[in-house]
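Colleague: Could you put together the complete structure from these sequences and hints?
Going line by line, the protein sequences match chains A and B.
So the first sequence is residues -10 to 530, counted in my numbering.
So the second sequence is residues -10 to 530, counted in my numbering.
Hints were generated in silico from the structure; no laboratory data involved.
Every residue, glycine too, gets a C-beta built ideally from N, C-alpha and C.
Don't take each hint at face value.
Under the rule of at most 27 Å between Cα atoms (straight-line distance), these lysine-lysine pairs were calculated in the DSS-like manner [what the hints assert, rightly or not]: (1) Lys62(B) with Lys376(A); (2) Lys467(B) with Lys62(A); (3) Lys267(B) with Lys467(A); (4) Lys267(B) with Lys267(A); (5) Lys65(A) with Lys467(B); (6) Lys297(A) with Lys402(B); (7) Lys376(A) with Lys467(B); (8) Lys402(A) with Lys297(B); (9) Lys376(A) with Lys402(B); (10) Lys307(A) with Lys376(B); (11) Lys376(B) with Lys376(A); (12) Lys467(B) with Lys490(B); (13) Lys307(A) with Lys222(A); (14) Lys297(B) with Lys381(A); (15) Lys290(A) with Lys376(B).
Covered by chain A, according to a simulated footprint, are these stretches of chain B (three or more residues, beta-carbon under 8 Å) [as the list claims (entries may be wrong)]: (16) 179 to 188; (17) 306 to 318.
There are 2 protein chains.
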Amino acid sequence: MNTYVYGYGPEGKERLIVVDLGVTFPDMDGSPGVDLIMADLAWLEQNADRVEAIFITHAHEDHIGALAHYWPKLRKPIYARKFTGRIGQLKLEEAGISGDEITIVEPRPHTIEVGPFKVQFVPVSHSIPESSGLVIDTPAGRVVHTGDFKLDGNPVVGEAFNPELWHEIANEGEGVKVLTCDSTNIFSPQPGRSEATLVGPLTELIRQQEGMIVATTFASNVARLKTLAEAGKAAGRHICLLGRAMRRMVSAAEETGVLTGFPGVVSPEDAVDLPRNKMMLIVTGSQGERRAASAALSRGKYLGLQMKEGDSFLFSSKTIPGNERGVIRIMNAFSEMGVEVIDDHGGLYHVSGHANRPDIEAVHDLLKPQIVIPMHGEHRHLREHMKLAQSKGLASEVATNGTMLDLSGEWPKVVEYIETGRTYLDGSVLIGSMDGVVRDRIRMALNGHVLITVIIDEDDQPLGEAWVELMGLPEVGKRGLPVADQIEDELSEFLERAPDKILSNDDKMDDAIRRIARQVTMEEVGKKPEVTVVVSRLMPA
Amino acid sequence: MNTYVYGYGPEGKERLIVVDLGVTFPDMDGSPGVDLIMADLAWLEQNADRVEAIFITHAHEDHIGALAHYWPKLRKPIYARKFTGRIGQLKLEEAGISGDEITIVEPRPHTIEVGPFKVQFVPVSHSIPESSGLVIDTPAGRVVHTGDFKLDGNPVVGEAFNPELWHEIANEGEGVKVLTCDSTNIFSPQPGRSEATLVGPLTELIRQQEGMIVATTFASNVARLKTLAEAGKAAGRHICLLGRAMRRMVSAAEETGVLTGFPGVVSPEDAVDLPRNKMMLIVTGSQGERRAASAALSRGKYLGLQMKEGDSFLFSSKTIPGNERGVIRIMNAFSEMGVEVIDDHGGLYHVSGHANRPDIEAVHDLLKPQIVIPMHGEHRHLREHMKLAQSKGLASEVATNGTMLDLSGEWPKVVEYIETGRTYLDGSVLIGSMDGVVRDRIRMALNGHVLITVIIDEDDQPLGEAWVELMGLPEVGKRGLPVADQIEDELSEFLERAPDKILSNDDKMDDAIRRIARQVTMEEVGKKPEVTVVVSRLMPA
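Modeller: In structure tokens, the structure reads:
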């Protein structure tokens, strides 16, 4: 949910810029039924009049995914480079917002002046084309915001990392005051490897396969798509792209001119009729996503195509921690079909898009900042990065979500903790993660749900018996009898004996009925369910 | 859920033995609210009169966890060695079953004769004391069932792997017809390493720590507990064990004599008062389990003990795929406290309890079976193991759950697929995974739940208005109005207009009301909820 805010000005009146508006993805453990998770921007909305502009560093969902959801609340100019901007425009237009709200800008030396800020986009290499760092000049000094990056001298698609350019940035004026720096791979001790190292091993691998080969990677990793397609071509295969997100990325990259020379592809319809040993599919779903092409193929026929014994399936990707269950499910489904599953093989068929520890150090050394603020990663990554910076004599602090740091001094100083959290896109509605909606879903999933209706007549006397429905609970309990019946029996006894002062009081009725339902369910099935009680009172005519 | 059945005799009348009765653990994705997952033993229950006995190879939950739940349905003699048997007895006794149902047996040459089977327990090394393979002799030949094993010549606790013993087993009589063999680490290309290699690096690591050190591993890995405790002692630390499961394992191991020389420990109460740099805690919860000691410490004070900046936390374990989210949550919570988190460091502080690929090959070579049946692992592991065996000229087949193989010929032959599945322990009740109970919970968690009550009077006319309650759904929809009110409004309109033939028919009422509720919810919040409708009809007086 990358969302960063920089401010400059008198305390409480700082002018602000927003860097990135990202999302993260829900899971059953913590956010069942939720569609997307965004940062809670209540503070930024309250201070929207102070926001000058929004800058998007690159088109990964964790940096751009909330743009269309939050723009209506901020309504400020958006700046991005052409490919990123194109993806952003598609998102805005899908939400009924004009794509013109995004201003497409050129990289440095082009400079965007907004309020007290002068901002330049600086090309970096990453696992999506045209990823950019930002050079943000303020009257208090220069901030370099790396965005997501790696040091790749030959990234296949897009601009190579250019140390001279960064050397120049480090040595202009008073140099770099603050480096806000990607921390994702701080625990990876070896220098990162170039995208260009993959084409050889991949070609070799594809040549060895006797059946159809299917490869998956992130849809947005356009360089990898090109590497895979070229390796496939070199091994004598026709290429077919499966998955809407992938085709969308490739066409946005071609439209904006960042991707050229992508090998010709065949349609799924044509692929069906081509010899299996001449076909290579490149498909979405490297993280085991249920609706993506790889999951669809693991379940059977998809667009007429079907995996068979003797085929092979390549994960040209790494499983993001937390996604293992979905990925393993797909691997085993293929295994059951007799399909060979090939993983990244210790990096032979995949390289990361993030800077490893020695690369991060190299950037510290190149930019010589006074202050390093680690970003992008879990707390343990940020902390490790801070320790690395401090060990080199640089000022550094971990800024967790909501932390406001004063960066104008020698050492970053926490000046405020903004109340922050998560906002969920739930269906078509934005809800707060603490609203209780998702908590109730989790409780129903863990404990089941008992519904009880009771009718009370005009004289505050029960009319008929209580009616009980169970949802998500065993029908039959320990004694071999229906649990609903047993709750109804207990409630009948209660209603018969309950004094008027309880029968006439909705809260007391609710409490008593709920307690009985939970107790019987606990005795019979060993679970304390969620209970909803509806007491309907007939009105005197 | 390891549960294997061997049979011998005329078709359909084979006498049977059961090897292991294990469980697996639920997760929110597929089995929310469930307590334990077991194999569905319907077939075995139907054929209980043919079962001679139950053999338990070792005391890991995935091999023994279902014993107390299923024994009442089978009621057959149970055989196990002393430590395994002790753990089994504790489980039976907790379930109100006599521990005497388990017969404690000595390893080979002791032989248990049941029906046509002669069974010997043979010591193997693994990550729990006294793990055993089984030599099962039948008139049709010898089966070796490895159980879970590794080749460890110095396992710290318990018996070393003894190649001479296995050589003897391979060369008695007509040798080994069938090898049923652990496949877990078939994808690990290096030979496995011994438990004994850990004590040096661990001692060194603990010496370097300046604050308190806390280490976690599987509670049942008694050898590791001893290694950790000895390393701690050697580094000048007092040892304190936290977590009920861990103390239970250590005392069962000591009672049965498999563990001796475990260093003295201090109680949590005493640990509080000892200098932090003289303390080492060994705690449960290496897989991120929410109720274990490591999770409790990551949340704050536990039994008076609390982690602080400068302390360190060691995972002397590997994260089982699927458990990453829970483990990462704990790592980051410690990071926020300023606690150093140390993982297995590529094997320096942890070794696996399973045989790696070269070790599996070594066992093939040692036992020279005609047939190899891969067991233990996902489908892709079993398939890889089968391919390895076949590449060496051995007959081999993958047997998925429910597969009945005829092993009497040259090549294993599938003779039947038993309908099988999963049984859930849900609270205190056993339910089938396909009963719909858990499906309803998942649906409520994904879609929310709408409850609607309508009262129909003696003349089949609605009495008052419909009442709507939402659970797990946003209160307010797209138009900024309460969703429940909008459903109620639509239902009022419907009830006003509904003809008698609908009002008098429960099924039609239910259908129509459900449809309206789903439609309004879809329009307002973009979700199709689960709906429960209760139509209460007043009876003519």
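Colleague: Please go over all the hints and tell whether each is borne out by the structure.
Modeller: A quick look at each hint next to the structure:
{"no.": "1", "hint": "Lys62(B) with Lys376(A)", "result": "violated, 58 Å"}
{"no.": "2", "hint": "Lys467(B) with Lys62(A)", "result": "holds, 15 Å"}
{"no.": "3", "hint": "Lys267(B) with Lys467(A)", "result": "violated, 50 Å"}
{"no.": "4", "hint": "Lys267(B) with Lys267(A)", "result": "violated, 66 Å"}
{"no.": "5", "hint": "Lys65(A) with Lys467(B)", "result": "holds, 23 Å"}
{"no.": "6", "hint": "Lys297(A) with Lys402(B)", "result": "holds, 22 Å"}
{"no.": "7", "hint": "Lys376(A) with Lys467(B)", "result": "violated, 47 Å"}
{"no.": "8", "hint": "Lys402(A) with Lys297(B)", "result": "holds, 22 Å"}
{"no.": "9", "hint": "Lys376(A) with Lys402(B)", "result": "violated, 60 Å"}
{"no.": "10", "hint": "Lys307(A) with Lys376(B)", "result": "holds, 25 Å"}
{"no.": "11", "hint": "Lys376(B) with Lys376(A)", "result": "violated, 47 Å"}
{"no.": "12", "hint": "Lys467(B) with Lys490(B)", "result": "violated, 34 Å"}
{"no.": "13", "hint": "Lys307(A) with Lys222(A)", "result": "holds, 24 Å"}
{"no.": "14", "hint": "Lys297(B) with Lys381(A)", "result": "holds, 25 Å"}
{"no.": "15", "hint": "Lys290(A) with Lys376(B)", "result": "holds, 26 Å"}
{"no.": "16", "hint": "179 to 188", "result": "violated (count 0)"}
{"no.": "17", "hint": "306 to 318", "result": "holds (count 5)"}
In this structure, the earlier hints numbered 1, 3, 4, 7, 9, 11, 12, 16 are contradicted, and the remaining ones agree with it.
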